[in-house]
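Asks: Counting in the UniProt record's numbering, the sequence shown runs from 1 upward without gaps.
The hints are simulated quantities; they were obtained by calculation from the structure and are not laboratory data. Owing to the predicted nature of the structure, the values given are computational and were not obtained by experimental measurement. Do not take every clue at face value.
To be verified - Within a straight-line C-alpha distance of at most 27 Å, the following computed DSS-like cross-link-like pairs (lysine-lysine) qualify:
no., residue 1, residue 2
1, 15, 44
2, 4, 25
3, 47, 15
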Amino acid sequence: MQTKNPHSNDILIGKRIRLRREMLKMSQKQLGHRLGITFQQVQKYEKGLNRVGAGRLQEIADILDISIFFFYADISTKEHI
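When you get a sec, could you build the whole thing from the sequences and use the hints?
Replies: So this is what it looks like as structure tokens:
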């Protein structure tokens, strides 16, 4: 079975989730608890392995006390081939 590679935007958003979470000294377990998910799911979001939906990303932004635009800064609108 072939494994699908994460999209570069999913990886970038995941890195920003982790950056902000660590800035607040919040664990993956704490963030997961606030979201009602496991810390493993938070790990998958942060690694870009699972795509974060728009509604979930807004929840994360609210919990991390940051604008949702923080996660989208510097994301290219076109794929680089």
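Asks: Is it true that the CA of residue 47 sits at most 27 Å from the CA of residue 15?
Replies: holds, 7 Å
Asks: Given the hint that residue 15 pairs with residue 44, does the C-alpha gap stay at or below 27 Å?
Replies: holds, 11 Å
Asks: Given the hint that residue 4 pairs with residue 25, test it: the Cα-Cα distance must not exceed 27 Å.
Replies: Roughly 31 Å between the alpha carbons, so the hint for residue 4 and residue 25 is violated.
When the structure is compared with the earlier hints, a violation turns up for hint 2 alone.
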